[in-house]
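Participant: I would like the entire structure built from these sequences, with the hints used as guidance.
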Amino acid sequence: MLSYIIRRTLYAIPILIGVNILTFVLFFVINSPDDMARAHLGDKYITEEDIDNWKIQKGYDKPLFINSSESGFDKFSETIFFNNSLKLFVFDFGQADDGRNITADIKQRMWPSLAFALPNFIVGLVINICVALLVIMFRGTKLDQTAVAIFVSLLSISYLFYIIVGQYFFAKTWKLVPISGYLPSEPWKFLILPILIGVISGIGQGARLYRTFFLEEAGKDYARTARAKGVTEIQLLFKHILPNALIPILTGVVVVIPILFMGALVMESFFGIPGLGSYMLDAIRSQDFAIVRSMVFIGSVLYIIGLILTDISYTWADPRVRLS
Amino acid sequence: MRRILAILPIIISTTGCIDKPWNNPNPTAKAGEIVYYSSFSLRPKHLDPARSYSTDEGLFVDQIYEPPLQYHYLKRPYELIPLTLESMPRETYLDANGKVLPSTAATDSIAYTRYTLTLKKGIQYQPHPAFAKNEDGQYLYHFDSEHEGRQYTTLYDFEETGTKQLTARDYVYQIKRMADPKNLSPIKSLLETYIVEFSDLNKQIKFSRENLKDKNSWIDLEDFNIAGLNIVNDYTYEITINGLYPQFKYWLAMRFFSPLPKEADRFYHNPGFKKKNISLDWYPVGTAAFMLTKNDPNSEMVLERNPNFHEERFPSVSESSKFYRFSEKKLPFIDKAIFRLEKEALPLFTKFSQGYYDRSGETHANIGSHSFDQVFSFGADGIELTPDMQEKNIQLEQDEKPAIYYTGFNMLDPVVGGYDEKSRKLRQAISIAYNDQEYVDIFANGQGKEAHSPIPPGIPGYQEGVKGYNPIVFDWEQDRPIRKSIDYAKELLAKAGYPNGRDEKTGKPLVLYIDMSASSSSSTPILDWKRKQFEKIGIQLEFRITDYNRFKEKVRQGNTQIFSWGWLADYPDPENFLFLLYGPNSSAKCACDSVNNTNYDNPEFNALYEKIKVMENSPKRLKLIEKMVEISRIDAPWIFGYTPQEFYLNNQWVSNNKRHGVAGNLLKYTHIDPEIREKNQMKYNQPNIAPLIAGTGLFFALIIPAATAYRRRQKETI
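Chains A and B, in that order, are what the protein sequence lines are.
The first sequence maps to residues 1 to 324 in our numbering.
The second sequence maps to residues 1 to 718 in our numbering.
Derived from the structure by calculation, the hints contain no laboratory data.
Please note: incorrect hints may appear among the correct ones.
[To be verified] Capping the alpha-carbon separation at 30 Å, the derived lysine-lysine pairs in DSS-like fashion look like this: (1) A:K44 with B:K627; (2) B:K715 with A:K44; (3) A:K172 with B:K343; (4) B:K274 with B:K215; (5) B:K30 with A:K172; (6) A:K55 with B:K30; (7) B:K658 with A:K172; (8) B:K20 with A:K44; (9) B:K715 with A:K220; (10) A:K142 with B:K715; (11) A:K55 with B:K627; (12) B:K343 with B:K449; (13) B:K75 with B:K589; (14) A:K55 with B:K329; (15) A:K107 with B:K275; (16) A:K87 with B:K182; (17) A:K44 with B:K30; (18) B:K215 with A:K87; (19) B:K274 with A:K189; (20) B:K120 with B:K668; (21) A:K107 with B:K552; (22) B:K589 with B:K203; (23) B:K274 with A:K62; (24) A:K62 with B:K554; (25) B:K206 with A:K75; (26) A:K55 with B:K658; (27) A:K172 with B:K20.
Facilitator: Encoded structure:
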């Protein structure tokens with residue numbers, strides 16, 4: 001397994017370089033260093049000299065990819081791409097365009113992100129599985145059909161609608177919880193509502209998908225045999241069907257776990273949770289390439305870790321699977 | 001089930017007995033502490049007074065730093081008064097040889113103006129580790145290596161703090177900081193124009209930095225001297241500017257001219273501090289009423305009363321004034337201000353109406369379409385607060401910012417530009433058709449006033465009523481301006497060579513283009529409205545939409561035809577608006593980010609501008625301004641648009657809510673009655689748990705039949 005992990009880690013390097021190049025090209029197609037300087041310096045009383053100064057300060061005074069005024073290796077090393085991207089591989093994210101240390105910001109903001117994303121993920125997963133199993137228990141009945149109709153309705157409604165309705169009723173009308181915000185001293189008060197909304201809005205998609213997985217398993221010979229042996233329906237679902245349906249569930253679930261650090265863009269923004277999701281959104285709005293680049297890089301690394309973990313989890317879920 | 005139903009009324013009745021609201025998003029205050037709760041919507045980027053320029057940053061920076069002058073809180077028109085100075089700066093005129101001229105000297109004989117500023121004695125800085133000294137008088141925390149300061153990760157890790165007295169040296173040091181290319185001050189180029197030898201100072205510092213191993217390390221700016229800056233003694237300094245620029249005194253009320261002690265600059269340049277975000281941009285150090293004790297722009301900013309704040313009192317007012325109970329009372333009135341980041345409008349307004357924010361906003365009123373109907377209704381006397389708001393005794397305060405939103409014609413454009421009679425008539429016809437009051441009523445909830453000139457209300461040169469209306473676009477009837485008819489506009493269009501909106505030579509329809517950025521074009525109703533304004537006189541309108549960067553580039557290069565723009569003045573002087581139409585300030589001419597985006601260039605207007613620019617406000621100056629306004633109306637390079645008039649809401653326990661269009665240092669006047677707030681928060685926020693109980697009941701109502709069905713199924717036999 002170790003050799004498998006090492007091999008996959010080495011494969012990740014060209015992927016990360018590719019992601020970096022892509023982010024770099026996409027960003028600079030839209031924003032030139034001059035545009036970035038203007039966005040940060042403001043509209044009033046700005047001269048070309050001020051813009052040049054800003055670019056020098058931030059290291060954007062060099063060519064993007066190839067520096068034709070240099071010779072040898074410096075042709076590549078004395079460029080914006082080389083100077084900004086190479087450091088990412090040692091997790092040195094440098095400074096944001098407003099001068100703040102990105103690593104310090106990420107360390108601070110990942111905790112509120114996790115405080116929301118982790119319980120939302122776990123509670124959501126458990127509820128989705130339980131609801132799907134419950135529906136399977138009544139498969140073929142009217143209850144099953146009604147449940148599927150409800151799932152489809154739930155997944156058809158926009159995420160924003162859940163947020164607005166949730167905030168309107170729970171926080172504004174019934175005054176049960178704060179409408180938004182986050183205090184590290186009492187986070188639960190602020191997280192109950194977003195988690196509740198996150199879970200409810202996810203039931204439609206999650207439970208419907210898992211129902212399909214379970215339905216397939218429920219019709220197999222081993223399930224029929226278990227039933228014939230007198231196993232109760234609940235025992236059958238949780239002890240036999242659930243473990244056998246784990247592989248497709250893990251495929252979708254484990255890959256998400258590392259990315260939970262990255263936060264939830266919309267949820268964090270609407271509920272004022274100072275996490276990494278809103279950090280990324282703010283950076284895009286303010287054309288801060290240093291933050292965008294760092295967050296995309298971290299996202300890629302976490303995604304690759306997620307894929308490796310998924311493969312490893314297969315060996316746990318199904319002993320027949322061997323990584324080689 | 002019966003038991004559950006039996007206890008329901010008991011549970012519901014207990015909800016009225018809670019001792020603290022469940023939905024309070026604010027942290028608990030210490031006993032006896034007067035805390036002001038509010039919000040900010042944009043993460044401040046810079047808190048360094050050499051760098052910070054935006055109004056949003058001013059919410060914090062202006063409460064911490066003290067420039068030499070400030071605006072009188074209550075007087076209108078706006079009036080400058082000393083803040084840290086003993087009296088207003090003394091102005092001395094000098095000729096080219098540096099010889100003092102009498103105050104009556106002819107304008108063209110004045111080569112320089114010297115401002116002499118004398119400070120009040122005994123003003124102290126807030127407690128700060130930069131000033132902490134050991135028993136030998138050595139600074140405790142001025143390090144030479146990263147290793148020495150390795151254990152400190154935030155400013156609050158330092159055990160010792162100190163203070164120092166405010167001196168003239170600190171003010172001069174800060175002005176020099178703006179010449180340092182490292183600090184990227186947004187007004188560096190402006191200061192180069194005015195302060196004598198300021199550009200030389202910039203070159204000297206730049207040269208010194210180039211010779212440094214680490215180009216960002218500390219340089220003692222006291223080693224650099226120029227003729228424009230002079231320290232007379234500990235409490236007096238002089239600034240000498242080129243020629244005559246009476247508006248310079250307004251700059252002395254801006255945060256750029258706040259004091260910055262050398263000790264603080266040295267402290268923040270400790271090796272390795274920048275990496276830990278210990279910088280002046282993050283932890284300001286000032287002499288004003290408040291100091292920043294928590295800087296978490298991701299969620300919360302906290303200002304606390306500066307224990308070393310010098311004596312300052314509320315302005316003296318007469319008994320008849322509504323401010324009388326505060327007259328000459330010592331400032332500030334609050335101990336702490338907590339500002340929470342609020343990006344979304346709905347949560348912000350909800351928290352305000354629940355009493356958790358004392359005001360609806362600080363730099364923006366935040367009364368948008370989402371909340372307008374909850375706040376305002378249209379009664380017999382026009383717009384008024386809804387009964388719900390009146391019941392809560394919400395206080396309404398109108399804010400008239402010295403700002404204008406206009407639609408500009410690119411004067412270099414072959415169709416809408418130019419100075420001949422035909423092109424003038426085309427622009428005038430469009431100005432008549434383009435009804436900005438309608439725009440304000442529909443899209444800005446009526447929070448704005450149609451403009452009749454480039455000068456907004458509150459600024460000298462602005463005139464109300466019959467004297468101030470624009471006769472090119474309006475007629476004066478029944479004591480109010482009435483927009484000229486569309487038929488008249490069509491007549492003008494015909495005279496311009498486009499009868500019925502068609503080119504008289506080619507017969508082709510006249511198609512005009514509005515250039516705009518993608519973000520401002522996102523509202524289809526606004527685009528439709530704009531199109532309809534042009535259609536009224538038969539002109540077809542197309543939109544050229546690009547991203548914001550390209551849009552700005554087009555404006556810079558003079559490649560637009562028609563575009564919308566706005567201007568928020570730096571200081572309350574007509575010069576700061578009329579320079580938007582001054583020919584040499586043309587963006588296309590310099591291919592730079594200048595202020596005259598329409599590239600308007602009328603020699604008569606330019607000559608008048610050059611005169612009023614160097615004049616103090618006087619009837620003579622106002623006469624010249626009147627002439628300039630008249631020229632701009634006839635040439636019509638702008639559709640004058642509207643001036644914003646936002647309504648801010650204040651909860652009943654907040655006093656001194658008077659808005660000031662220019663000044664930012666208003667927190668010190670804010671007064672809170674915490675007892676009334678607490679009582680009302682309880683009243684507004686009684687939780688309603690009936691839906692929770694109903695939800696639980698529903699859950700069981702679903703589960704029980706399911707469980708029964710399951711049990712029945714388990715018992716089924718074949």
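Participant: Run through the hints listed earlier and report the numbers of any the structure violates, in increasing order.
Facilitator: The structure breaks hints 2, 6, 8, 11, 13, 14, 17, 19, 21 and 26; every other hint is satisfied.
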